[in-house]
Amino acid sequence: MSAPFERLAELDRLVHEPARLAIMTALSACERADFLYLQRLTGLSRGNLSSHLSKLADAGFVEIEKTYEGKTPITYAKLTLEGKEALKEYLKSVDKVREGIRLLKPLRTT
Amino acid sequence: MPTRETAALDRINAVTANFFFWQGLRWVPLGIALLVVAWSYGPGSPVPESWESALLVATMVVALAASAMVGRWYARSFGRVRGIPGQHARRTRTKWLVVYPALLVALLVDGIAKPPVLVSGIAFAVAIEAYRRSTGGGRAHYMIASIAFAALTFAPTLGLATPGAGAVNLLIGVLGATYTIGGLLDHRELTRLFPDFHDVDTSDSAVSCPGSLR
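Protein chains in written order, with the numbering used here: chain A, 6 to 115; chain B, 1067 to 1280.
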């Protein structure tokens, strides 16, 4: 088994960032969610949320769909299969890090 | 990942997957309608017997319309989430094939056989706990409601309601109160989960965590 630090280095930084992790977790629980929902969930400003969604979209983890409901423009975000896989892998890696930490024996100081 | 963060992610997952049910204010008009119905059918009600059915229908129509309006307000204020098709198929099947028929049978037993205990009390207690667990957990107020319904089972035995229609009417009143208070508390939990808007630096080097991840 590799050391916890090596495991830490393997964590997907794109997913690891808390706001993006929250976005991806939310999107993994639904077919799609709109921009407003994600904004309320994360408390991010429009600009920041846009920036995070763009990064996720650029990586192919999220699909953005702009549509109208009546006259209201709505932006939906959806987790792609690649995004679901990345989130799954990330959570697996975190579990391995936790397992590694649990197995570490404390150093004797005397 | 520390347990607190894992719990926060679980919460986000549970609320998003069950967003409809956490929009608590949707249930308040229905709760008020049930309270009105229980009052109109209750002892000493000034509503003439011939008006009771019409009042029941009118109250329910108004409550459903109000609930739909509240739903539109939630969409405008909290956003829209589309569930994964078939995600809750098991829950839906259980609800229609087991829970609702069991509640109906319990109400019929209480209304027709007039047993000395309110069978519907324990049936609703189990149904409410099942509802809480299957719609994202948390919300301790539903555990309290479930205990209240279980206690209601003994209302006829303790002389708090006459067996039969009186006891069922009491149950409808408590159900109305549960919808109303539970709905308000659901809404409070939802607003607690969603932080206020704020402009923060969330670049990778200066990360600010969202909501309970903070």
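If you're looking for bench data, these hints aren't it; they were derived computationally from the structure.
Quick reminder that beta carbons are idealized off the backbone N, C-alpha and C, glycines included.
Hints should not be assumed to be uniformly reliable.
Under 7 Å between C-beta atoms, here's a sample of chain A residues computed to sit facing chain B [said to hold, decoys possible]:
id, residue
1, 34
2, 38
3, 65
Results for each hint:
1. 34: holds, 4 Å
2. 38: holds, 5 Å
3. 65: violated, 19 Å
In this structure, only the earlier hint numbered 3 is contradicted, and the remaining ones agree with it.
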